[in-house]
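S.K.: Full structure from sequences and hints, please.
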Amino acid sequence: MRVNFTVNGRRQEADDVWEGESLLYVLRERLGLPGSKNACEQGECGSCTVRLDGVPVCSCLVAAGQVEGREVVTVEGLADFAEQRAEHGGCATGACDTPEGNGISLDEAKGWAAKGHDSQTGEGTQLAPIQQAFIDAGAVQCGFCTPGLLIAADEMLEHTPNPTDADIREALSGNLCRCTGYEKIMDAVRLAAARQSEAV
Amino acid sequence: MGTTGTPTNITQGSRTKGGIGESTLRPDGTLKVTGEFAYSSDMWHEDMLWGQILRSTVAHAEIVSIDTSEALAQPGVYAVMTYDDLPTDVRNYGLEIQDTPVLAHGKVRHHGEPVAIVAADHPETARRAAAKIKVEYRELPVITDEASATASDAILVHENRDDHHIGHVPHPNIVHRQPIVRGDVEEAARKADFIVRGEYTFGMQDQAFLGPESGLAVPSEDGGVELYIATQWLHSDLRQIAPVLGLPEDKVRMTLSGVGGAFGGREDLSMQIHACLLALRTGKPVKIVYNRFESFFGHVHRHPAKLFYEHGATKDGRLTHMKARIVLDGGAYASASPAVVGNASSLGVGPYVVENVDIEAIALYTNNPPCGAMRGFGAVQACFAYEAQMDKLADQVGMDRVEFRQLNAMEQGSLLPTGQRVDSPAPVAELLRRVKAMPLPPEQQWLSAGEDADVRQLPGGLSNTTHGEGVVRGIGYAVGIKNVGFSEGFDDYSTARVRMEVVGGVPVATVHTAMAEVGQGGVTVHAQIARTELGVAQVTIQPADTRVGSAGSTSASRQTYVTGGAVRNSCELVREKVLELGRRKFGTYHPAWATAELLLEGGKVVTDGGEVLADLADVLEGEAVEIEAEWRHRPTEAFDLRTGQGNGHVQYSFAAHRAVVEVDTELGLVKVIELACAQDVGKALNPLSVIGQIQGGTTQGLGIAVMEEIIVDPKTAKVRNPSFTDYLIPTILDTPTIPVDVLELADDHAPYGLRGVGEAPTLSSTPAVLAAIRNATGLELDRTPVRPEHLTGTA
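Chains as they are written, first to last, in the numbering used here: chain A, 108 to 307; chain B, 16 to 810.
One or more hints might be untrue.
As the list claims (entries may be wrong) - In the DMTMM-like style, the derived pairs of lysine to aspartate or glutamate whose C-alpha atoms are separated by at most 25 angstroms in a straight line are:
#: 1; chain 1: B; residue 1: Lys-147; chain 2: A; residue 2: Glu-175
#: 2; chain 1: B; residue 1: Lys-32; chain 2: A; residue 2: Glu-126
#: 3; chain 1: B; residue 1: Lys-299; chain 2: A; residue 2: Glu-136
#: 4; chain 1: B; residue 1: Lys-299; chain 2: A; residue 2: Asp-243
#: 5; chain 1: B; residue 1: Lys-600; chain 2: B; residue 2: Glu-612
#: 6; chain 1: B; residue 1: Lys-321; chain 2: B; residue 2: Asp-410
#: 7; chain 1: B; residue 1: Lys-299; chain 2: B; residue 2: Asp-104
#: 8; chain 1: B; residue 1: Lys-122; chain 2: B; residue 2: Glu-174
#: 9; chain 1: B; residue 1: Lys-338; chain 2: B; residue 2: Asp-797
#: 10; chain 1: B; residue 1: Lys-147; chain 2: A; residue 2: Glu-126
#: 11; chain 1: B; residue 1: Lys-299; chain 2: B; residue 2: Glu-85
#: 12; chain 1: B; residue 1: Lys-32; chain 2: B; residue 2: Asp-633
#: 13; chain 1: B; residue 1: Lys-147; chain 2: A; residue 2: Asp-243
Claimed, not checked - Ranges between beta-carbon positions, derived for each pair:
#: 14; chain 1: B; residue 1: Leu-462; chain 2: A; residue 2: Ala-306; range: 34 to 44 angstroms
#: 15; chain 1: A; residue 1: Ala-306; chain 2: B; residue 2: Ala-452; range: 50 to 60 angstroms
#: 16; chain 1: B; residue 1: Glu-645; chain 2: A; residue 2: Pro-268; range: 50 to 60 angstroms
#: 17; chain 1: B; residue 1: Glu-645; chain 2: A; residue 2: Gly-139; range: 34 to 44 angstroms
Stated by the list, open to error - Among chain B residues calculated to face chain A with C-beta under 10 angstroms, some are:
#: 18; residue: Leu-46
#: 19; residue: Phe-52
#: 20; residue: Ala-277
#: 21; residue: Phe-308
#: 22; residue: Thr-752
If you're looking for bench data, these hints aren't it; they were derived computationally from the structure. From the three backbone atoms N, C-alpha and C, an ideal C-beta is built for every residue, glycine too.
M.R.: Spelled out as structure tokens, the structure:
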């Protein structure tokens, strides 16, 4: 089957999709977006978390056919997504409050193109505040859980800009990390929240 | 108290920004947060096929027949291979003992053993084809424990053993046996005022790294193969892969892909040979990615263990003797079992001075899942037992549990039961003092918080099972000792290639090693070392591959020590060459070139007095200086097979924990409130990464204390919970705050005085949590993990 949907602001068409393929598989293997990770493929670890019409979901549990006509944001688009949100008063997908809920226009989406940067270290890459905070706080070790955690943490900060520690833990309880013991992840989210409130 | 030691801020060039001792950020951080970092499961190649492994559905059986015809006939299937299709006579592999078949040969020895492999154009096609392979098994009785393994009529898991341990083991179903005997235990026991005995059980733990086993094999035009892979040691893989393929090692070119965690689980091969075989057979690139279910079968686990301990003490609290028998279940294949036995026995006393010791450690061959390396490697199981014993003994003597430990703690100059002298700081008592001195978290928050009480902070959490009723608090302490580096005479070297040249007018250093970056931050540290030693701002870390010499394994807490040491050594050699070049060019302009101690700092050659002699750019001009050199730490010796005596270890790492728990005694639910850790790291080359290692290791110890365990059915030897739904690892809700106190007492034998960090916190975390739960409940609790039924008396 063919699936048409929007990923990180761009219309995408995936052909020859099997009925049993997950959104995660289509993103990783058909659209060249391997940022969403495949750690358990049964909805337990959260490493494949993406936004589907604004809602964080495990993309391994979403059948590819279910995303027909819908909007997906992956970690690859998180920096642009966050920038758009900052420019549009807190809502990048259009799924938050806007009555139309039709997402962003193609013209706007064109502005989301990847920026030139050092291909080895990624230096010079534009980052979302939560991405920068994960680097700065030492929340990244092997990094396999990182994309899912970033999407989940970013979504939480969208609706809970000043979270308590218990709020952070609850919001991220669906995302397993095996390296860090979560302390630096807590630090990163606290840091992102603090920077966000300073900036306002 | 053993706190003597030299400060570690003693290195040349430490004024260069971004050098050692700073918390510089990961060079791969940006790629990892943007999703662009290429892990082994992200590899993709035009025209690639997907590989799939068919695994045994039973634990122990003869293979009567395999019929692959229906699988081969499936559209989209390019190859199906079994044992009979292997290209050479080398059909086994293994880290130390080559006892593991690439594909099962006439027999399977554990649940999930690879029997056949398939390549197809879609992963689902490959899975369905594998399911169409018909394997007929004739089941055999399963060997699952010491009694069934060593029974007089026991079936041998491996017949016709010819490995170098068979001569000294009491039964062919015992992989290796290591006694440690010192002093006169019987005589000492007569002088003991108190004797405590215990029998402890340690469950089977999984590494549960998040990045599944995966890789891409691409056939090359010269008949060789390129393998992009997640591993802990490229050259060890290479040595095992090439002979099976019938290729010389230089035709198997390996490149490290992004590694999604390891923790010991990637020391053994998983899908490496299978992917290469299918690629060479089909002439097409082949990618294999395990799913989580398969991952549980695709790597070795931490050895479950039975530990029998006896300790004696005098009335004034001095340890008189200890006896221990440690039985590790190695499962169907040897993997790292012999070395795990060496660790469990030689570190079985713990960080205590005991003059009379009688230890025996063995690893069994059984039909349970193979067990091998996991963070802490034999020392973890022993620590769980000896720390439980210390609490019991302190109670008998009537001493404070921490003071009792401090009284018997080893220190610099102490002898290990192997006769080896500890010749660097061993601040065991000081670490306990520090962890005890940390402020305690407030008690009964649910009372003080009143209306604002948050159930999320209580046992049961969001299940809202209690508002404090039936909840009791407990505090527990533990301390442990872990060896750093490969022990027992292993030639544990590493190699580093360092190049220095001017690029765009700026001096740049390039570091190339085969070190597996598995998340620990070795790449960060290598750049820091190069900056410190060569005084340059810009360092490029080359991808790890087999075009440079071996870096040894990313395990045993050894990489910062050994490959860090190799990078430093090669940098020093490069520096000498650069200075030589400078002397030749500019030596006549300034007498200091000949007389002063010269350093490289801030892109310049300077005297130790700070005087600038030349720009590195002018010294190097168009030339590049490059050195590839091996580096070794002090050699070690094998343990005597009868007495266990010998200088077997390189270095030790010590950590202490204090656990604070709250237990809902009615439901058996445990909430760990805080897990404080104090650790001596010698020198923190990157403090941020060091703390990350300590917190991560602590949390894995927490996992095996209260939730993680691979359940193997004792009747069938089949794994019952191979998924993250049924094998639980700590979430962010299960994990408490982990305050860390880092002590830096230099080990003068090690580069920069550093001490391997990664494993020690995994040892003492578990017994500290257990001690805290015992303290809260008054229960004996002689097994880990503790489950609710153990606390409610319904087990």
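S.K.: So, for every hint listed, does it hold in this structure?
M.R.: Structure-based check of all given hints:
1. B:Lys-147 x A:Glu-175: violated (33 angstroms)
2. B:Lys-32 x A:Glu-126: violated (55 angstroms)
3. B:Lys-299 x A:Glu-136: At roughly 17 angstroms apart (the allowed maximum being 25 angstroms), A:Glu-136 and B:Lys-299 satisfy the hint.
4. B:Lys-299 x A:Asp-243: violated (42 angstroms)
5. B:Lys-600 x B:Glu-612: holds (17 angstroms)
6. B:Lys-321 x B:Asp-410: holds (23 angstroms)
7. B:Lys-299 x B:Asp-104: The given pair, whose Cα atoms are some 24 angstroms apart, holds under the 25 angstroms limit.
8. B:Lys-122 x B:Glu-174: holds (12 angstroms)
9. B:Lys-338 x B:Asp-797: holds (17 angstroms)
10. B:Lys-147 x A:Glu-126: holds (21 angstroms)
11. B:Lys-299 x B:Glu-85: The hint holds at about 22 angstroms.
12. B:Lys-32 x B:Asp-633: holds (21 angstroms)
13. B:Lys-147 x A:Asp-243: Violated. B:Lys-147 to A:Asp-243 sits at ~50 angstroms, over the 25 angstroms cutoff.
14. B:Leu-462 x A:Ala-306: 34 to 44 angstroms: holds (38 angstroms)
15. A:Ala-306 x B:Ala-452: 50 to 60 angstroms: For B:Ala-452 against A:Ala-306, whose Cβ atoms are near 39 angstroms apart, the range 50 to 60 angstroms is violated.
16. B:Glu-645 x A:Pro-268: 50 to 60 angstroms: holds (54 angstroms)
17. B:Glu-645 x A:Gly-139: 34 to 44 angstroms: holds (40 angstroms)
18. Leu-46: holds (5 angstroms)
19. Phe-52: Nearest chain A Cβ about 6 angstroms off; hint holds.
20. Ala-277: holds (8 angstroms)
21. Phe-308: This interface hint holds because 8 angstroms falls under the 10 angstroms limit.
22. Thr-752: holds (7 angstroms)
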